[in-house]
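Numbering (my numbering), first residue to last: 1 to 54.
In short, the hints are calculated from the structure, not lab data.
Some hints could be false.
Quick list of simulated restraints, FRET-style, between CB atoms [claimed, not checked]:
| no. | residue 1 | residue 2 | range |
| --- | --- | --- | --- |
| 1 | P13 | I35 | 23 to 29 Å |
| 2 | E41 | I18 | 36 to 42 Å |
| 3 | I26 | Y54 | 42 to 48 Å |
| 4 | I49 | D23 | 23 to 29 Å |
Every residue, glycine too, gets a C-beta built ideally from N, C-alpha and C.
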Amino acid sequence: MIGYALSPIDIIPDFIPIIGYLDSLILIPIGIYFIGRLVPEDVKAKCLIKAKNY
1 MIGYALSPID IIPDFIPIIG YLDSLILIPI GIYFIGRLVP EDVKAKCLIK
51 AKNY
């Protein structure tokens, strides 16, 4: 996902008005969602505890 966000190659080029940025606006949050689902629940719980104590 980071590679897509930083890549100069897009599915729809950014120079096309409005639509060019929509692919990034939609695909990046979807990718973050799926990456978040790959993290095991116990790891998420440990990170939440550490974040609350910070």
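Can you list which hints this structure breaks, lowest number first? 3, 4
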